[in-house]
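Asker: Protein chains in written order, with our numbering: chain A, 1 to 111; chain B, 1 to 115.
A hint or two may mislead.
[Claimed, not checked] DSSO-like mimics (lysine-lysine), calculated; alpha carbons at most 27 Å apart, straight line:
1. A/LYS103 <-> A/LYS60
2. A/LYS52 <-> B/LYS11
3. A/LYS77 <-> B/LYS57
4. A/LYS68 <-> A/LYS56
[Said to hold, decoys possible] Pulled from the structure, derived: some chain A residues nowhere near chain B, Cβ distances all over 10 Å:
5. TYR36
6. THR70
7. GLY102
[Said to hold, decoys possible] A partial selection of chain A residues facing chain B, derived with a Cβ cut-off under 8 Å:
8. GLN45
9. THR51
10. ASP55
Source of the hints: derived by calculation from the structure; they are not laboratory data. Glycine is no exception: its CB is placed at the ideal position from the N, C-alpha and C atoms.
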Amino acid sequence: GNSVTQMEGPVTLSEEAFLTINCTYTATGYPSLFWYVQYPGEGLQLLLKATKADDKGSNKGFEATYRKETTSFHLEKGSVQVSDSAVYFCACRGGADGLTFGKGTHLIIQP
Amino acid sequence: GAGVSQSPSNKVTEKGKDVELRCDPISGHTALYWYRQSLGQGLEFLIYFQGNSAPDKSGLPSDRFSAERTGGSVSTLTIQRTQQEDSAVYLCASSPQEGGTYEQYFGPGTRLTVT
Numbered sequence: 001g002n003s004v005t006q007m008e009g010p011v012t013l014s015e016e017a018f019l020t021i022n023c024t025y026t027a028t029g030y031p032s033l034f035w036y037v038q039y040p041g042e043g044l045q046l047l048l049k050a051t052k053a054d055d056k057g058s059n060k061g062f063e064a065t066y067r068k069e070t071t072s073f074h075l076e077k078g079s080v081q082v083s084d085s086a087v088y089f090c091a092c093r094g095g096a097d098g099l100t101f102g103k104g105t106h107l108i109i110q111p
Numbered sequence: 001g002a003g004v005s006q007s008p009s010n011k012v013t014e015k016g017k018d019v020e021l022r023c024d025p026i027s028g029h030t031a032l033y034w035y036r037q038s039l040g041q042g043l044e045f046l047i048y049f050q051g052n053s054a055p056d057k058s059g060l061p062s063d064r065f066s067a068e069r070t071g072g073s074v075s076t077l078t079i080q081r082t083q084q085e086d087s088a089v090y091l092c093a094s095s096p097q098e099g100g101t102y103e104q105y106f107g108p109g110t111r112l113t114v115t
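Please put together the full structure from these sequences, using the hints given.
Answerer: Shown next as structure tokens:
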């Protein structure tokens, strides 16, 4: 089956720092890739997605590029804000069934 | 519009009792998914429905777990003879159609505590 590996953290950064959260996946074929975010006290929500190799997903200043050759989908943001503090989940999906999630990365941004 | 709703939001039950968790998907969404989020296991996929049919039930943790969906809308996840290891947040998601590229919209979850 599919699997997703991501750094678990917590990752603590200062405001305006550059963010990278690494994510690699194992899957057969060409899965779709997703980043979901869970803000404190809120439900999971889609942050961005990419459905084929070399696609770049972007939203709210975050970006991730689907790299087939390295089976990676690293999340980046150039300048983080305190409001970005949340848990970030990388996920993949190969077909009609459910998402396979990584363990989640707890991000803490300090003012 | 209305998102995915789940009830109850919190449920505390005694070991050995049965519980029913309910999910109301976004209107018109044909695909529905159940997940479990726990500290030890992270986010686990349990089962999905396309319409009222669940093609694969192998993700359910044990035969104490069952799920059904009626009218292509509401779904219930039933846990019989609950155990302490069933304590987790149970999440439901819906999607306009099945298929890997469609976004899944998540509900707020039901926090289940088995004492």
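Asker: Decide, hint by hint, whether the structure agrees.
Answerer: Evaluated hints:
1. A/LYS103 <-> A/LYS60: Within the cut-off at roughly 22 Å; holds.
2. A/LYS52 <-> B/LYS11: violated (40 Å)
3. A/LYS77 <-> B/LYS57: violated (38 Å)
4. A/LYS68 <-> A/LYS56: Distance ~12 Å between A/LYS68 and A/LYS56 Cα, so the pair holds.
5. TYR36: violated (8 Å)
6. THR70: holds (20 Å)
7. GLY102: violated (7 Å)
8. GLN45: Status holds, d = 7 Å.
9. THR51: Constraint on A/THR51 satisfied, holds at 5 Å.
10. ASP55: Hint on A/ASP55: violated, closest Cβ of chain B at ~11 Å, above 8 Å.
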